[in-house]
Amino acid sequence: MNSKPDVAVGIIGAGFAGLVAALRLKKSGRNSFLIFERAAEIGGTWRDNVYPGCACDIASPLYSFADEPNPDWSRLYSNQPEILAYLKEVVAKRGLNRHIRFNSDIVEASFLQEQGYWQVTDRQGTTTTAGVLLLGLGPLNRPFIPDFKAFNDFRGTSFHSSQWDTTYNYKGKRVAVIGTGASAIQIVPAIAPEVAQLTVLQRTPAWITPRYYHAISSLIQKTYHRFPFLQKVVREFIYWSNEFIGLGFIGSKLVNKTISRLSLRKLRKEVKDPDVRRKLTPDYTLGCKRILRSDDYYPSFNRPHVKLVTDSIERFTERGILTADGTEHLLDAIIFATGFVAADINLYTRIMGLQGRSLVDEWQQNGAEAFMGTTISGYPNLGFLLGPNTGLGHNSVVHMMESQMNYLMLYLEYLESRGSGSFLDVKPVVQDAYNRRLQKQFKGTVWTSGCKSWYFNKEGKNTTLYPRLPSTFRKKTRSFNPAHYQLHLPSIHSSSTHPAVFTSR
987 MNSKPDVAVG
997 IIGAGFAGLV
1007 AALRLKKSGR
1017 NSFLIFERAA
1027 EIGGTWRDNV
1037 YPGCACDIAS
1047 PLYSFADEPN
1057 PDWSRLYSNQ
1067 PEILAYLKEV
1077 VAKRGLNRHI
1087 RFNSDIVEAS
1097 FLQEQGYWQV
1107 TDRQGTTTTA
1117 GVLLLGLGPL
1127 NRPFIPDFKA
1137 FNDFRGTSFH
1147 SSQWDTTYNY
1157 KGKRVAVIGT
1167 GASAIQIVPA
1177 IAPEVAQLTV
1187 LQRTPAWITP
1197 RYYHAISSLI
1207 QKTYHRFPFL
1217 QKVVREFIYW
1227 SNEFIGLGFI
1237 GSKLVNKTIS
1247 RLSLRKLRKE
1257 VKDPDVRRKL
1267 TPDYTLGCKR
1277 ILRSDDYYPS
1287 FNRPHVKLVT
1297 DSIERFTERG
1307 ILTADGTEHL
1317 LDAIIFATGF
1327 VAADINLYTR
1337 IMGLQGRSLV
1347 DEWQQNGAEA
1357 FMGTTISGYP
1367 NLGFLLGPNT
1377 GLGHNSVVHM
1387 MESQMNYLML
1397 YLEYLESRGS
1407 GSFLDVKPVV
1417 QDAYNRRLQK
1427 QFKGTVWTSG
1437 CKSWYFNKEG
1447 KNTTLYPRLP
1457 STFRKKTRSF
1467 NPAHYQLHLP
1477 SIHSSSTHPA
1487 VFTSR
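This note's numbering puts the sequence shown at residues 987 to 1491.
In short, the hints are calculated from the structure, not lab data. A quick note: this is a predicted structure, and the numbers were derived from the prediction, not measured. A few of these clues could be false.
With a straight-line Cα cutoff of 25 Å, these simulated BS3-like cross-link-like pairs (lysine-lysine) come out [stated by the list, open to error]: (1) Lys1462 x Lys1426; (2) Lys1252 x Lys1208; (3) Lys1429 x Lys1461; (4) Lys1135 x Lys1293; (5) Lys1438 x Lys1243; (6) Lys1135 x Lys1438; (7) Lys1461 x Lys1012; (8) Lys1426 x Lys1243.
Here are the simulated distance ranges between beta carbons [unchecked claim]: (9) Glu1075 x Thr1152: 19 to 25 Å; (10) Thr1209 x Pro1290: 24 to 30 Å; (11) Glu1075 x Arg1454: 30 to 36 Å; (12) Pro1214 x Ala1182: 30 to 36 Å; (13) Glu1229 x Leu1340: 35 to 41 Å; (14) Val1327 x Thr1152: 22 to 28 Å; (15) Gly1430 x Pro1476: 45 to 51 Å; (16) Lys1012 x Asp1151: 36 to 42 Å; (17) Pro1290 x Pro1132: 44 to 50 Å; (18) Phe1145 x Phe1215: 41 to 47 Å; (19) Asp1297 x Phe1223: 40 to 46 Å.
We put the CB at the ideal spot given by N, CA and C, even for glycine.
Assemble the whole structure, with the sequences as input and the hints as a guide.
Here it is in C-alpha coordinates:
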(Lines of atoms letter the chains of each structure in order from A and count residues from 1; the text may use other names and numbers.)
(Lines give C-alpha, C1' and ligand atoms only; values in the text may rest on other atoms or scores of the structure.)
Protein backbone atom coordinates (compact mmCIF):
# COMPACT_ATOMS: atom_id res chain seq x y z
CA MET A 1 0.00 0.00 0.00
CA ASN A 2 1.38 3.39 -0.99
CA SER A 3 2.09 5.96 1.73
CA LYS A 4 0.53 9.38 1.34
CA PRO A 5 2.64 12.39 0.38
CA ASP A 6 3.21 15.25 2.81
CA VAL A 7 1.05 17.57 0.71
CA ALA A 8 -1.28 17.04 -2.23
CA VAL A 9 0.38 19.76 -4.31
CA GLY A 10 3.85 21.26 -4.16
CA ILE A 11 4.60 24.55 -5.91
CA ILE A 12 8.12 25.79 -6.63
CA GLY A 13 8.30 29.58 -6.71
CA ALA A 14 6.25 32.37 -5.15
CA GLY A 15 6.27 34.79 -8.04
CA PHE A 16 3.23 35.48 -10.22
CA ALA A 17 3.14 31.90 -11.57
CA GLY A 18 3.32 30.18 -8.20
CA LEU A 19 0.72 32.52 -6.74
CA VAL A 20 -1.65 31.94 -9.68
CA ALA A 21 -1.50 28.24 -8.82
CA ALA A 22 -1.95 28.80 -5.09
CA LEU A 23 -4.93 31.11 -5.55
CA ARG A 24 -6.72 28.62 -7.78
CA LEU A 25 -6.10 25.76 -5.37
CA LYS A 26 -7.32 27.86 -2.46
CA LYS A 27 -10.42 28.97 -4.35
CA SER A 28 -11.31 25.34 -5.12
CA GLY A 29 -11.14 24.42 -1.44
CA ARG A 30 -7.86 22.53 -1.75
CA ASN A 31 -5.68 23.50 1.20
CA SER A 32 -3.08 20.72 1.14
CA PHE A 33 -0.43 22.60 -0.80
CA LEU A 34 2.95 24.12 -0.05
CA ILE A 35 4.96 26.74 -1.94
CA PHE A 36 8.74 26.44 -1.86
CA GLU A 37 10.31 29.89 -2.22
CA ARG A 38 14.09 30.20 -2.34
CA ALA A 39 14.10 33.85 -1.21
CA ALA A 40 12.96 35.43 2.05
CA GLU A 41 9.88 37.01 0.49
CA ILE A 42 7.50 36.57 -2.42
CA GLY A 43 7.54 38.38 -5.75
CA GLY A 44 9.86 36.63 -8.18
CA THR A 45 11.00 39.01 -10.89
CA TRP A 46 9.14 41.89 -9.19
CA ARG A 47 11.15 41.29 -6.03
CA ASP A 48 14.49 40.94 -7.78
CA ASN A 49 14.35 43.79 -10.31
CA VAL A 50 14.74 47.10 -8.47
CA TYR A 51 16.51 49.19 -11.11
CA PRO A 52 15.44 52.84 -11.55
CA GLY A 53 12.29 53.13 -13.63
CA CYS A 54 11.38 49.43 -13.34
CA ALA A 55 7.74 49.01 -14.34
CA CYS A 56 5.41 46.74 -16.28
CA ASP A 57 4.74 47.28 -19.98
CA ILE A 58 1.33 45.61 -19.77
CA ALA A 59 -1.46 47.72 -18.28
CA SER A 60 -2.06 46.94 -14.61
CA PRO A 61 -5.80 46.14 -14.82
CA LEU A 62 -4.75 43.23 -17.07
CA TYR A 63 -1.38 42.42 -15.52
CA SER A 64 -3.01 41.17 -12.33
CA PHE A 65 -4.97 38.19 -11.07
CA ALA A 66 -8.40 37.92 -12.70
CA ASP A 67 -10.09 37.25 -9.35
CA GLU A 68 -8.09 39.87 -7.47
CA PRO A 69 -8.67 43.23 -9.17
CA ASN A 70 -6.97 46.23 -7.61
CA PRO A 71 -9.08 49.39 -7.83
CA ASP A 72 -6.25 51.42 -6.32
CA TRP A 73 -3.64 51.19 -9.07
CA SER A 74 -2.02 54.63 -9.11
CA ARG A 75 -1.04 54.43 -12.78
CA LEU A 76 -2.19 52.57 -15.87
CA TYR A 77 1.27 50.99 -16.11
CA SER A 78 2.42 50.36 -12.55
CA ASN A 79 5.99 50.45 -11.32
CA GLN A 80 7.85 47.68 -9.53
CA PRO A 81 7.19 48.73 -5.91
CA GLU A 82 3.44 48.95 -6.52
CA ILE A 83 3.27 45.56 -8.26
CA LEU A 84 5.24 43.91 -5.44
CA ALA A 85 2.97 45.57 -2.87
CA TYR A 86 -0.07 44.22 -4.75
CA LEU A 87 1.30 40.68 -4.66
CA LYS A 88 1.99 40.93 -0.93
CA GLU A 89 -1.49 42.31 -0.31
CA VAL A 90 -3.14 39.44 -2.18
CA VAL A 91 -1.04 36.87 -0.32
CA ALA A 92 -2.04 38.38 3.03
CA LYS A 93 -5.69 38.75 2.03
CA ARG A 94 -5.99 35.10 0.93
CA GLY A 95 -3.97 33.66 3.80
CA LEU A 96 -1.27 32.22 1.57
CA ASN A 97 1.68 32.98 3.84
CA ARG A 98 1.03 29.89 5.92
CA HIS A 99 1.36 27.85 2.72
CA ILE A 100 4.81 29.28 1.88
CA ARG A 101 8.14 27.91 3.06
CA PHE A 102 10.62 30.74 2.61
CA ASN A 103 14.38 30.33 2.13
CA SER A 104 13.66 26.92 0.64
CA ASP A 105 15.82 26.60 -2.46
CA ILE A 106 14.75 23.37 -4.15
CA VAL A 107 17.77 21.85 -5.86
CA GLU A 108 16.20 18.56 -6.94
CA ALA A 109 12.74 17.13 -7.56
CA SER A 110 12.45 13.39 -8.20
CA PHE A 111 9.39 11.37 -9.16
CA LEU A 112 9.04 8.27 -6.96
CA GLN A 113 7.36 5.81 -9.29
CA GLU A 114 6.53 3.17 -6.66
CA GLN A 115 4.74 5.72 -4.51
CA GLY A 116 3.30 7.73 -7.39
CA TYR A 117 4.38 11.14 -6.12
CA TRP A 118 7.22 13.68 -6.10
CA GLN A 119 9.99 14.22 -3.59
CA VAL A 120 11.68 17.62 -3.48
CA THR A 121 14.97 18.35 -1.75
CA ASP A 122 16.14 21.81 -0.70
CA ARG A 123 19.70 23.08 -0.38
CA GLN A 124 19.79 22.15 3.31
CA GLY A 125 18.86 18.56 2.49
CA THR A 126 15.28 18.75 3.77
CA THR A 127 12.90 16.55 1.77
CA THR A 128 9.16 16.96 1.24
CA THR A 129 6.78 14.82 -0.83
CA ALA A 130 3.90 16.06 -2.98
CA GLY A 131 1.30 14.21 -5.05
CA VAL A 132 1.50 16.78 -7.84
CA LEU A 133 4.34 19.21 -8.45
CA LEU A 134 3.81 22.59 -10.14
CA LEU A 135 6.76 24.61 -11.41
CA GLY A 136 6.41 28.38 -11.15
CA LEU A 137 10.06 29.09 -11.87
CA GLY A 138 9.51 31.89 -14.37
CA PRO A 139 11.62 32.49 -17.49
CA LEU A 140 13.42 35.63 -16.26
CA ASN A 141 15.62 34.38 -13.44
CA ARG A 142 19.04 33.91 -15.09
CA PRO A 143 20.71 37.18 -16.16
CA PHE A 144 22.50 37.08 -19.49
CA ILE A 145 25.79 38.93 -19.95
CA PRO A 146 27.58 38.50 -23.30
CA ASP A 147 31.14 37.24 -23.26
CA PHE A 148 32.88 40.56 -23.91
CA LYS A 149 36.61 40.57 -24.56
CA ALA A 150 38.71 41.69 -21.57
CA PHE A 151 35.55 41.84 -19.48
CA ASN A 152 37.48 41.87 -16.19
CA ASP A 153 39.84 44.68 -17.18
CA PHE A 154 37.34 47.42 -16.37
CA ARG A 155 38.15 48.96 -12.99
CA GLY A 156 34.90 50.80 -12.49
CA THR A 157 31.54 49.51 -11.26
CA SER A 158 29.49 47.08 -13.33
CA PHE A 159 26.34 45.04 -12.75
CA HIS A 160 23.35 43.52 -14.54
CA SER A 161 20.07 45.45 -14.44
CA SER A 162 18.38 42.61 -12.52
CA GLN A 163 21.16 42.72 -9.91
CA TRP A 164 21.09 46.46 -9.41
CA ASP A 165 23.61 47.73 -6.87
CA THR A 166 21.40 49.92 -4.69
CA THR A 167 24.47 51.18 -2.81
CA TYR A 168 26.00 52.70 -5.94
CA ASN A 169 25.44 56.43 -6.42
CA TYR A 170 25.33 57.12 -10.15
CA LYS A 171 24.67 60.86 -9.77
CA GLY A 172 27.27 62.90 -11.58
CA LYS A 173 28.96 59.80 -12.99
CA ARG A 174 29.82 58.64 -16.50
CA VAL A 175 27.54 55.67 -17.09
CA ALA A 176 27.07 53.25 -19.99
CA VAL A 177 23.97 51.16 -20.58
CA ILE A 178 24.58 48.14 -22.81
CA GLY A 179 21.39 47.05 -24.55
CA THR A 180 18.19 48.67 -25.75
CA GLY A 181 15.58 46.18 -24.60
CA ALA A 182 12.76 46.36 -22.07
CA SER A 183 14.90 47.21 -19.04
CA ALA A 184 17.20 49.63 -20.90
CA ILE A 185 14.39 51.83 -22.16
CA GLN A 186 13.25 52.26 -18.54
CA ILE A 187 16.70 52.78 -17.01
CA VAL A 188 17.90 55.35 -19.56
CA PRO A 189 15.22 58.01 -18.96
CA ALA A 190 15.26 57.31 -15.20
CA ILE A 191 18.97 58.04 -14.72
CA ALA A 192 19.58 60.48 -17.60
CA PRO A 193 18.68 63.62 -15.60
CA GLU A 194 21.18 62.75 -12.85
CA VAL A 195 24.29 61.37 -14.55
CA ALA A 196 27.10 63.49 -15.96
CA GLN A 197 27.32 61.43 -19.14
CA LEU A 198 25.19 58.59 -20.45
CA THR A 199 26.37 56.32 -23.25
CA VAL A 200 23.80 53.91 -24.68
CA LEU A 201 25.37 51.06 -26.64
CA GLN A 202 22.88 49.68 -29.13
CA ARG A 203 23.18 46.56 -31.25
CA THR A 204 19.63 46.57 -32.67
CA PRO A 205 17.03 49.35 -32.37
CA ALA A 206 13.63 48.47 -30.93
CA TRP A 207 10.13 49.16 -32.11
CA ILE A 208 8.63 51.45 -29.46
CA THR A 209 4.99 52.42 -28.96
CA PRO A 210 3.40 54.83 -26.45
CA ARG A 211 3.02 53.69 -22.86
CA TYR A 212 0.56 56.33 -21.62
CA TYR A 213 2.25 56.47 -18.24
CA HIS A 214 -0.37 58.69 -16.67
CA ALA A 215 -1.81 58.69 -13.18
CA ILE A 216 -5.22 57.19 -12.43
CA SER A 217 -7.32 59.80 -10.66
CA SER A 218 -8.86 59.27 -7.24
CA LEU A 219 -12.26 59.69 -8.88
CA ILE A 220 -11.64 56.67 -11.12
CA GLN A 221 -10.33 54.68 -8.16
CA LYS A 222 -13.46 55.48 -6.16
CA THR A 223 -15.61 54.52 -9.15
CA TYR A 224 -13.86 51.15 -9.38
CA HIS A 225 -14.48 50.58 -5.67
CA ARG A 226 -18.17 51.35 -6.03
CA PHE A 227 -18.71 49.65 -9.39
CA PRO A 228 -16.17 46.79 -9.68
CA PHE A 229 -17.66 45.60 -12.97
CA LEU A 230 -16.38 48.78 -14.64
CA GLN A 231 -12.79 47.77 -13.95
CA LYS A 232 -13.57 44.37 -15.45
CA VAL A 233 -14.84 46.15 -18.56
CA VAL A 234 -11.58 48.13 -18.73
CA ARG A 235 -9.61 44.90 -18.30
CA GLU A 236 -11.49 43.27 -21.18
CA PHE A 237 -11.00 46.34 -23.37
CA ILE A 238 -7.25 46.30 -22.77
CA TYR A 239 -7.08 42.56 -23.38
CA TRP A 240 -8.92 42.65 -26.71
CA SER A 241 -7.00 45.75 -27.82
CA ASN A 242 -3.81 43.77 -27.28
CA GLU A 243 -5.30 40.84 -29.18
CA PHE A 244 -5.91 43.19 -32.10
CA ILE A 245 -2.21 44.08 -32.04
CA GLY A 246 -1.48 40.36 -31.95
CA LEU A 247 -3.22 39.97 -35.31
CA GLY A 248 -0.32 41.91 -36.77
CA PHE A 249 2.03 39.24 -35.46
CA ILE A 250 0.31 36.18 -36.84
CA GLY A 251 -0.52 37.32 -40.35
CA SER A 252 -2.37 40.64 -40.69
CA LYS A 253 -0.01 42.87 -42.68
CA LEU A 254 -2.47 45.77 -42.47
CA VAL A 255 -2.42 45.78 -38.66
CA ASN A 256 1.36 45.41 -38.61
CA LYS A 257 1.92 48.26 -41.05
CA THR A 258 -0.50 50.51 -39.17
CA ILE A 259 1.30 50.02 -35.85
CA SER A 260 4.69 50.38 -37.58
CA ARG A 261 3.68 53.75 -39.03
CA LEU A 262 2.48 54.96 -35.62
CA SER A 263 5.77 53.91 -34.04
CA LEU A 264 7.87 55.66 -36.69
CA ARG A 265 5.73 58.79 -36.37
CA LYS A 266 6.44 58.76 -32.64
CA LEU A 267 10.18 58.47 -33.34
CA ARG A 268 10.15 61.39 -35.80
CA LYS A 269 8.20 63.54 -33.37
CA GLU A 270 10.30 62.85 -30.27
CA VAL A 271 13.92 62.74 -31.53
CA LYS A 272 15.34 65.97 -32.95
CA ASP A 273 18.66 64.83 -34.45
CA PRO A 274 18.10 63.13 -37.84
CA ASP A 275 21.23 60.99 -37.48
CA VAL A 276 20.08 59.69 -34.08
CA ARG A 277 16.61 59.07 -35.55
CA ARG A 278 18.17 57.01 -38.30
CA LYS A 279 20.10 54.90 -35.80
CA LEU A 280 16.95 54.35 -33.73
CA THR A 281 14.91 53.21 -36.74
CA PRO A 282 14.36 49.42 -36.82
CA ASP A 283 15.13 47.59 -40.08
CA TYR A 284 13.11 44.46 -39.29
CA THR A 285 9.41 43.62 -39.14
CA LEU A 286 7.55 44.98 -36.13
CA GLY A 287 6.97 42.21 -33.59
CA CYS A 288 9.87 40.02 -34.69
CA LYS A 289 11.52 41.20 -31.49
CA ARG A 290 9.52 42.28 -28.46
CA ILE A 291 7.65 45.56 -28.97
CA LEU A 292 8.51 48.04 -26.23
CA ARG A 293 6.45 50.78 -24.62
CA SER A 294 7.84 54.11 -23.48
CA ASP A 295 6.94 57.78 -23.39
CA ASP A 296 10.34 59.11 -22.33
CA TYR A 297 13.05 56.93 -23.89
CA TYR A 298 13.28 58.71 -27.24
CA PRO A 299 13.30 62.23 -25.71
CA SER A 300 16.29 61.21 -23.57
CA PHE A 301 18.47 61.42 -26.69
CA ASN A 302 17.71 65.11 -27.02
CA ARG A 303 19.81 65.71 -23.89
CA PRO A 304 23.33 66.90 -24.80
CA HIS A 305 25.05 64.47 -22.42
CA VAL A 306 23.20 61.36 -23.71
CA LYS A 307 24.97 59.63 -26.59
CA LEU A 308 23.80 56.72 -28.74
CA VAL A 309 26.59 54.41 -29.90
CA THR A 310 25.92 51.79 -32.58
CA ASP A 311 29.48 50.64 -33.21
CA SER A 312 30.08 47.15 -31.85
CA ILE A 313 32.01 46.63 -28.62
CA GLU A 314 35.59 45.61 -29.39
CA ARG A 315 36.72 45.08 -25.82
CA PHE A 316 36.61 46.41 -22.29
CA THR A 317 39.48 48.55 -21.03
CA GLU A 318 40.57 49.64 -17.58
CA ARG A 319 38.86 52.98 -18.14
CA GLY A 320 35.79 51.95 -20.10
CA ILE A 321 34.79 50.41 -23.42
CA LEU A 322 36.60 50.39 -26.76
CA THR A 323 34.26 50.24 -29.76
CA ALA A 324 35.00 49.05 -33.29
CA ASP A 325 35.49 52.59 -34.61
CA GLY A 326 38.52 52.97 -32.31
CA THR A 327 36.82 55.19 -29.74
CA GLU A 328 37.47 54.53 -26.06
CA HIS A 329 34.44 55.56 -24.04
CA LEU A 330 35.62 56.61 -20.57
CA LEU A 331 33.25 55.37 -17.89
CA ASP A 332 32.67 55.12 -14.17
CA ALA A 333 29.97 52.46 -14.39
CA ILE A 334 28.61 49.93 -16.87
CA ILE A 335 25.06 48.61 -16.64
CA PHE A 336 24.25 45.40 -18.49
CA ALA A 337 20.66 45.68 -19.72
CA THR A 338 21.24 42.54 -21.76
CA GLY A 339 18.25 40.46 -20.76
CA PHE A 340 17.95 36.90 -19.56
CA VAL A 341 18.63 33.35 -20.64
CA ALA A 342 15.03 32.68 -21.66
CA ALA A 343 14.94 30.44 -24.72
CA ASP A 344 17.74 28.24 -23.44
CA ILE A 345 17.38 25.59 -20.73
CA ASN A 346 16.45 27.74 -17.77
CA LEU A 347 15.86 25.42 -14.83
CA TYR A 348 17.64 26.03 -11.55
CA THR A 349 16.03 22.88 -10.10
CA ARG A 350 17.10 19.40 -11.21
CA ILE A 351 13.93 17.60 -12.33
CA MET A 352 14.13 13.79 -12.41
CA GLY A 353 11.28 11.80 -14.01
CA LEU A 354 10.53 8.16 -14.78
CA GLN A 355 13.51 5.79 -14.79
CA GLY A 356 15.75 8.59 -13.54
CA ARG A 357 15.51 10.67 -16.70
CA SER A 358 16.67 14.30 -16.36
CA LEU A 359 14.58 17.12 -17.78
CA VAL A 360 17.56 19.45 -18.15
CA ASP A 361 19.53 16.80 -20.03
CA GLU A 362 16.61 15.99 -22.34
CA TRP A 363 15.92 19.62 -23.11
CA GLN A 364 19.59 20.32 -23.75
CA GLN A 365 19.65 17.51 -26.30
CA ASN A 366 16.28 18.02 -27.98
CA GLY A 367 15.14 21.54 -27.09
CA ALA A 368 12.48 22.48 -24.55
CA GLU A 369 9.09 20.93 -25.31
CA ALA A 370 5.89 20.25 -23.40
CA PHE A 371 2.27 19.41 -24.15
CA MET A 372 0.21 22.61 -24.07
CA GLY A 373 3.35 24.17 -22.60
CA THR A 374 2.21 22.58 -19.35
CA THR A 375 2.79 18.82 -18.96
CA ILE A 376 5.85 16.85 -20.05
CA SER A 377 6.08 13.25 -21.21
CA GLY A 378 8.14 11.13 -18.82
CA TYR A 379 7.45 13.47 -15.90
CA PRO A 380 4.07 12.43 -14.46
CA ASN A 381 1.98 14.61 -12.16
CA LEU A 382 4.09 17.62 -13.12
CA GLY A 383 2.74 20.96 -14.33
CA PHE A 384 4.91 23.76 -15.71
CA LEU A 385 3.46 27.28 -15.54
CA LEU A 386 4.90 29.44 -18.32
CA GLY A 387 6.55 26.37 -19.77
CA PRO A 388 7.88 26.12 -23.33
CA ASN A 389 5.99 28.15 -25.96
CA THR A 390 3.63 29.92 -23.58
CA GLY A 391 5.28 33.34 -23.72
CA LEU A 392 3.69 36.32 -25.45
CA GLY A 393 4.94 39.33 -27.35
CA HIS A 394 1.89 41.52 -26.96
CA ASN A 395 -0.38 40.51 -24.07
CA SER A 396 -0.40 39.51 -20.40
CA VAL A 397 1.43 36.32 -19.43
CA VAL A 398 -0.70 36.27 -16.27
CA HIS A 399 -3.63 35.45 -18.56
CA MET A 400 -1.62 32.54 -19.99
CA MET A 401 -0.77 31.26 -16.50
CA GLU A 402 -4.43 31.35 -15.53
CA SER A 403 -5.33 29.47 -18.71
CA GLN A 404 -2.78 26.82 -17.78
CA MET A 405 -4.30 26.58 -14.31
CA ASN A 406 -7.73 26.07 -15.89
CA TYR A 407 -6.24 23.02 -17.57
CA LEU A 408 -4.31 21.84 -14.52
CA MET A 409 -7.37 22.04 -12.28
CA LEU A 410 -9.19 19.67 -14.66
CA TYR A 411 -6.07 17.49 -14.73
CA LEU A 412 -6.03 17.46 -10.92
CA GLU A 413 -9.76 16.75 -10.69
CA TYR A 414 -9.39 13.74 -12.96
CA LEU A 415 -6.31 12.49 -11.13
CA GLU A 416 -8.05 12.73 -7.76
CA SER A 417 -10.93 10.66 -9.12
CA ARG A 418 -8.55 7.77 -9.83
CA GLY A 419 -7.35 7.38 -6.25
CA SER A 420 -4.23 8.05 -4.20
CA GLY A 421 -1.00 6.89 -5.82
CA SER A 422 -2.29 7.23 -9.38
CA PHE A 423 -0.29 9.27 -11.83
CA LEU A 424 -0.76 10.69 -15.30
CA ASP A 425 1.93 10.84 -17.95
CA VAL A 426 1.27 12.58 -21.26
CA LYS A 427 1.86 10.19 -24.16
CA PRO A 428 5.04 10.89 -26.16
CA VAL A 429 3.15 10.71 -29.46
CA VAL A 430 0.66 13.31 -28.20
CA GLN A 431 3.39 15.69 -27.06
CA ASP A 432 5.37 15.24 -30.29
CA ALA A 433 2.32 15.86 -32.49
CA TYR A 434 1.39 18.97 -30.50
CA ASN A 435 4.86 20.47 -30.88
CA ARG A 436 5.11 19.67 -34.58
CA ARG A 437 1.83 21.49 -35.16
CA LEU A 438 2.94 24.34 -32.95
CA GLN A 439 6.23 24.88 -34.79
CA LYS A 440 4.41 24.81 -38.15
CA GLN A 441 2.14 27.59 -36.89
CA PHE A 442 5.12 29.96 -36.75
CA LYS A 443 5.23 29.93 -40.55
CA GLY A 444 3.97 33.25 -41.89
CA THR A 445 4.25 35.04 -38.54
CA VAL A 446 6.52 38.00 -37.80
CA TRP A 447 8.76 35.74 -35.70
CA THR A 448 10.03 33.98 -38.82
CA SER A 449 10.69 37.19 -40.74
CA GLY A 450 14.45 37.00 -40.27
CA CYS A 451 15.55 38.88 -37.16
CA LYS A 452 17.55 37.41 -34.28
CA SER A 453 15.95 37.49 -30.85
CA TRP A 454 15.99 35.85 -27.42
CA TYR A 455 12.83 33.98 -28.44
CA PHE A 456 15.03 31.40 -30.20
CA ASN A 457 17.34 28.81 -28.70
CA LYS A 458 20.85 28.07 -29.97
CA GLU A 459 19.47 25.76 -32.66
CA GLY A 460 17.20 28.49 -34.03
CA LYS A 461 14.00 26.98 -32.65
CA ASN A 462 11.40 29.24 -31.07
CA THR A 463 10.78 27.63 -27.68
CA THR A 464 9.52 30.81 -26.02
CA LEU A 465 6.39 32.12 -27.72
CA TYR A 466 2.92 30.80 -28.35
CA PRO A 467 2.39 31.22 -32.13
CA ARG A 468 -1.29 32.10 -31.87
CA LEU A 469 -3.39 34.45 -29.76
CA PRO A 470 -3.81 33.81 -26.02
CA SER A 471 -7.58 33.77 -26.57
CA THR A 472 -7.00 30.65 -28.70
CA PHE A 473 -4.92 29.11 -25.93
CA ARG A 474 -7.66 29.91 -23.40
CA LYS A 475 -10.17 27.92 -25.45
CA LYS A 476 -7.83 24.94 -25.70
CA THR A 477 -7.29 24.83 -21.94
CA ARG A 478 -10.97 24.74 -21.05
CA SER A 479 -11.10 20.96 -21.45
CA PHE A 480 -8.97 18.02 -20.42
CA ASN A 481 -8.87 14.83 -22.47
CA PRO A 482 -7.60 11.83 -20.44
CA ALA A 483 -6.96 9.98 -23.72
CA HIS A 484 -3.88 12.18 -24.13
CA TYR A 485 -2.37 10.52 -21.08
CA GLN A 486 -1.30 7.17 -19.75
CA LEU A 487 -2.97 6.55 -16.40
CA HIS A 488 -0.88 4.54 -13.98
CA LEU A 489 -2.95 3.07 -11.16
CA PRO A 490 -1.52 2.33 -7.72
CA SER A 491 -0.23 -1.14 -6.84
CA ILE A 492 -0.89 -2.68 -10.28
CA HIS A 493 1.38 -0.20 -12.15
CA SER A 494 -0.60 -0.61 -15.33
CA SER A 495 -1.64 2.03 -17.79
CA SER A 496 -5.15 2.86 -18.81
CA THR A 497 -6.91 5.50 -20.85
CA HIS A 498 -10.35 6.93 -20.37
CA PRO A 499 -11.88 8.77 -23.31
CA ALA A 500 -14.24 11.01 -21.37
CA VAL A 501 -13.33 14.69 -21.70
CA PHE A 502 -13.39 16.93 -18.61
CA THR A 503 -14.45 20.51 -19.25
CA SER A 504 -14.34 23.59 -17.05
CA ARG A 505 -17.54 24.55 -15.40
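Results for each hint:
no.	hint	verdict
1	Lys1462 x Lys1426	17 Å, holds
2	Lys1252 x Lys1208	33 Å, violated
3	Lys1429 x Lys1461	22 Å, holds
4	Lys1135 x Lys1293	22 Å, holds
5	Lys1438 x Lys1243	20 Å, holds
6	Lys1135 x Lys1438	22 Å, holds
7	Lys1461 x Lys1012	23 Å, holds
8	Lys1426 x Lys1243	24 Å, holds
9	Glu1075 x Thr1152: 19 to 25 Å	23 Å, holds
10	Thr1209 x Pro1290: 24 to 30 Å	44 Å, violated
11	Glu1075 x Arg1454: 30 to 36 Å	34 Å, holds
12	Pro1214 x Ala1182: 30 to 36 Å	49 Å, violated
13	Glu1229 x Leu1340: 35 to 41 Å	38 Å, holds
14	Val1327 x Thr1152: 22 to 28 Å	24 Å, holds
15	Gly1430 x Pro1476: 45 to 51 Å	47 Å, holds
16	Lys1012 x Asp1151: 36 to 42 Å	37 Å, holds
17	Pro1290 x Pro1132: 44 to 50 Å	29 Å, violated
18	Phe1145 x Phe1215: 41 to 47 Å	45 Å, holds
19	Asp1297 x Phe1223: 40 to 46 Å	44 Å, holds
Violated hints, in rising order: 2, 10, 12, 17; the structure is consistent with all others.
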